[in-house]
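J.: Make a model of the complete structure from these sequences and hints.
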Amino acid sequence: EDQVTQSPEALRLQEGESSSLNCSYTVSGLRGLFWYRQDPGKGPEFLFTLYSAGEEKEKERLKATLTKKESFLHITAPKPEDSATYLCAVGDDKIIFGKGTRLHILP
Amino acid sequence: GAVVSQHPSRVICKSGTSVKIECRSLDFQATTMFWYRQFPKQSLMLMATSNEGSKATYEQGVEKDKFLINHASLTLSTLTVTSAHPEDSSFYICSARDQGDTQYFGPGTRLTVL
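Protein chains in written order, with the working numbering: chain A, 106 to 212; chain B, 39 to 152.
It is worth saying that the hints were derived from the structure and are not from the lab. Honestly, I wouldn't trust all of these hints.
Said to hold, decoys possible - Covered by chain A, per the in silico footprint, the following chain B stretches (three or more residues, Cβ under 8 Å): (1) 81–88; (2) 106–116.
Unchecked claim - Far from chain A, by Cβ distances over 12 Å, these chain B residues were calculated: (3) E97; (4) E101; (5) E125.
Model, not experiment: these values are computed from the prediction. All C-beta atoms in this analysis are idealised placements derived from N, C-alpha and C, irrespective of residue type, glycine included.
T.: Dropping the structure here:
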C-alpha cells in the first residue's frame, strides 16, 4: 500500500533555529515528490518538485533534498512568517499526501 | 504564473440544497484537475480526478451522484455537491496540473451546511 509519512507532526523552533522536516515514502510509482506549504484556511502553496535521488532545490530559507526513500525539507534561520503546515506528496498520476508537519517559529 | 482560483471562497447553505464550486486555472491550460476534501487538522483527501472532455474518476468511497464533476474546458472544472447535508460540511480544494507533473492548488472553499 502506498504510504507517505511525515515527521515530526509538530515542531516549535526559536527564530533563527535551523531544523529539518522528514518525509518518508513507499509508493509503487514515483513520478515526483512535492513539497507544499499550507497556511490555515488556505490552499497549499507549491514549493518544490524533486524527481531523482540526489536532487536538491532551494528557495529562500528552504532547501529540499531527495533520496530513494525519503526527502528532507531543511529550514535555515527561520522567521516567524515561516510558520505553517508543510505537506509532502508523492505519486504518479495521482499524488498521496502525508499528514504534514505543523511548524511554529517563535519570535 | 500557475495561478488557480476557486469560487466561492465560503458558502453557507441549508440542508437539501445543491452547491456548485468553480475551479479555474488562470494562466495555464490544465487537462487534468483534481478535487480534494480536507477536515480540520487533517491532510488532503483526493475525491476525484477530472479530465477535460471525459468523465471524472472518483476515489473509492466517494459518491459520484452526490459530488458531480464537470470539466468543460481546459481552464474550468466544477464540483456540485447535490442535496448537501451537514456531514458534507468541509473545506474543498481543487488543483490543476500543468504540462509537467506539478499540481497547483486553489485557495479552497469552506462549505457549511446548516
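J.: Each hint: holds or not?
T.: Do the hints match the structure? See the list:
no., hint, result
1, 81–88, "holds (count 4)"
2, 106–116, "violated (count 0)"
3, E97, "8 Å, violated"
4, E101, "19 Å, holds"
5, E125, "20 Å, holds"
When held up to the earlier numbered hints, the structure conflicts with 2, 3 and fits the remainder.
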